[in-house]
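Keeping the supplied structure of chain X fixed, place chain W upon it in accordance with the hints.
So the sequences go chain by chain: X and W.
If you count the first sequence from 1, position 219 lands on 219 in the working numbering, and the numbers rise without skipping.
If you count the second sequence from 1, position 210 lands on 210 in the working numbering, and the numbers rise without skipping.
Read the hints as simulated data drawn from the structure, not as lab findings.
This one's a predicted model, so the numbers in the text were calculated from it and none came from an experiment.
Misleading hints may appear alongside valid ones.
Pairs of lysine-lysine residues, derived as DSS-like cross-links and limited to a Cα-Cα distance of at most 30 Å, are as follows [unchecked claim]:
1) X/K52 / W/K157
2) W/K213 / X/K10
3) W/K166 / W/K83
4) W/K166 / W/K71
5) X/K105 / X/K269
6) W/K71 / X/K133
7) X/K192 / X/K105
8) X/K133 / W/K61
9) X/K10 / X/K269
10) X/K192 / X/K104
11) W/K61 / W/K71
12) X/K265 / X/K10
13) X/K192 / X/K269
14) X/K192 / X/K265
15) X/K269 / W/K213
Far from chain W, some chain X residues (derived; all Cβ distances over 12 Å) [claimed, not checked]:
16) V8
17) P53
18) S60
19) I73
20) L168
21) I196
Backbone N, C-alpha and C fix where the C-beta goes; we use that ideal spot for every residue, glycine too.
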Amino acid sequence: MIQPLRIVNKTFLYILLSALACIFVFPFLWMVLASLKTNMQIFAIPPIIFPKPIIWKNYSIVWENVPLARFYINSIFVSSTVAASQVITSAMAAYVFARLQFPKKHLIFIVYLGVMMIPSQVTVIPLFIICRKIGIIDTYGALILPFLAYPYGAFLLRQFFLSIPSDLEDAARVDGYPRMAILFRIVMPLSKPALITLGLLTFMFTWNSFFWPLVSTNTTEHYTVQVGLAMLKDQLHMAGDWSTLMAGTVISTIPILIFFIFTQKNLIKGFSLSGLKY
Amino acid sequence: MREKRSLEKKHQTSPLRREDFITGIICLSPSLLIVIIFVIFPILFSLGISFFDWRIITQEKPFVGLANYVKMFTNPEFWNALKNTALYTLGVVPVGAAISLGLALLLNRNIRFSGFFRTAFFLPVITSTIAVAIVWLWIYNDHNGLLNIILRAVGMKPVTWLTSSKTALLSVIIMSIWKNAGYHMVIFLAGLQSIPESFYEAATLAGAGPFQKFRYITWPMLVPATLFVLVTNTIFSFQVFGPIYTMTGGGPVRSTTVIVYHLYVRAFEFQEMGYASAAAWVVFLLLIAMTFLQFRLSGKEKIL
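With the rest of the complex left out, here is chain W:
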């Protein structure tokens, strides 16, 4: 259909096409101008900066070649941050997806108050990360935080959630899963609702049980939604910053220093813009590799 229309247009008279061109310039330039100046140029600029010893305060910004990259790869703090980011992502993404899918399956049936439950699960999504992080900081409090009150009430020993390097990252992971579960649930719900009812009816006629229906209809039909959740959540998790900044400041003993926190400290506290840009590019390349891998593994290379 569209092909045909564009063919017809090619035969239109030139004044109309000139109008398209002029309108096109007027309509596209505000968006394109902003995107070029504040997105595309900074991307290239960032790559450039990563080859310089770039500090805001000093006039001289000497070219150092790959020195920033060498410094980064030989810096144990960088590897520690990378390790923590990977652990965080591994903790948040699969478990979060499973929980969200479970919530979506619970809500995807004919029940009363489903709107109320959906709103309840969605509340943390709407609330800002900083507000949520502060609330959880209090929930995790060693002395009278909610979790330790509950633990003590059931006769268990209280846990030093955020003040021990063993549990701090796990605590942030739990909070992040809680915060984003509603968002991914909504994506799964939309995916579930796009599955035609007739598929299930046919399966019932063929004598399939609920487990078989899930295995052979729901699960394969949910691949695009699952993939979206996994890919976007990996990308977001790799960039986690707000909860770390608010809840732990990267500690204790750097056990929650993630890559973007490392980058933030280097760029905006130590003024090492070159080093931080190099780190940003490594994050970027890792993300591309992982996104590619996830598409490959799901056999959906062409989905975009």
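In isolation and in its complexed conformation, chain X is listed as follows:
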């Protein structure tokens, strides 16, 4: 009696999960489909689901008219510089918090924790004024310099460092290794998974940030993908040119989705870590 009921239950579960998966995936397919239609096809009544014929030229139009490659290079350069720098500065700070005898380190750590909770809107206006004053508005400097370090990484890595046994470090100290060498030769290699996770999270976060790049850049030369996309939308939405807009959105989205598929294990783990370690 129980067995058939279980199978029905399982089947129902799979159907439910598949339906839900459709809700989460279909908008992406819908975007791709729209990018392969003409605007005529898009607004046809009755609606056409699959493009017929398939229109590829939206992609060449958007690629030729909008410096998407430039936005891409900007985003990759900014995000990877910020991510690499945050991993290193965070590991160094976390090492002090986790292992060294340093005056007032607990106080500094508590300040770091407090700072993390402050919404970025509080700092964005003074940040703008400061960057204007030192003349780095609309340069890579504005996009990178303020984010070379951030408390979150130091917090995350401190927790991780505390969880690794210090035997190896103690042995190295007995052998007369300096602290600095221990950090770079022992602690950091041992923490590789945590460092990768932090790097990926920071990369994603920087890649997707919008408010600050929007206010701190004002020429296409320094637009990131997000700002470029928003500007593209401003132009094409008014004109009702959905097919070209969708092609631009696809181009800006697909690479990050591919990046995600290759790194998803680490990334999802990192995202779930961000919740647990509180």
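For chain W alone, coordinates are given in the frame of chain X:
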């Protein structure tokens, strides 16, 4: 254990401690320098600016005391923005948490392809807000958007999702829940997986049904994860900007003007940096109050 080790260290010879101090300075200064210049100083600076009539273009920036705050609290646009932000947060946070918990419970069992489903639910999290907002702008399109095509196909009247002040905010709320459900699901999943299997086994032996197991084991054990989801999502929702900027521009008739959008317009279109800083501080204080309240209500004051 750690206590003991630090006690031992106190007795170590001073050259080692001096090495710690020097290494500490070298290791901490890059991080500390950046955080002080670009985070801590701006926080204080921001509070200062809120007492001035601060415009980027003019040389003179007169001190105006509390005038910016008075102007803000007597400005109906500010209250409207606050109301919209509260509605948005109330819409996104509880419903989003419930949906994410449901997804996590569905995936937290021995099923095939669970990795595939998890990836599918996570796709919108990875995609940038702007790209997602543009896609949904198209899904919500009055004429041939996906939703209205479906509505018409099942014989219902199409809805003017984003072009009516009655439904615009709701539409943005739905999109935001969709976008972030996967993230919160992963947090809940991690919470679920940290519950020892033995608890459920003991409950089964005691004759507990699935509902009782959820009520007396899963639910209480998930309090930290739930709290994290509620607190962080409240903080994020209060700062919503990207979807509003891209999808509605605050309209129609200011029905989706949230507080950060209001702040953005005032600071970067009207150059009223003082007024906008005052608004930012009000957001900040409200967030502190709400976070505190959420910890209080859950009885977990000491969790941080």
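| said: Tell me the hint numbers this structure goes against, listed in increasing order. | reply: The structure conflicts with no hint, since it agrees with every one listed earlier.
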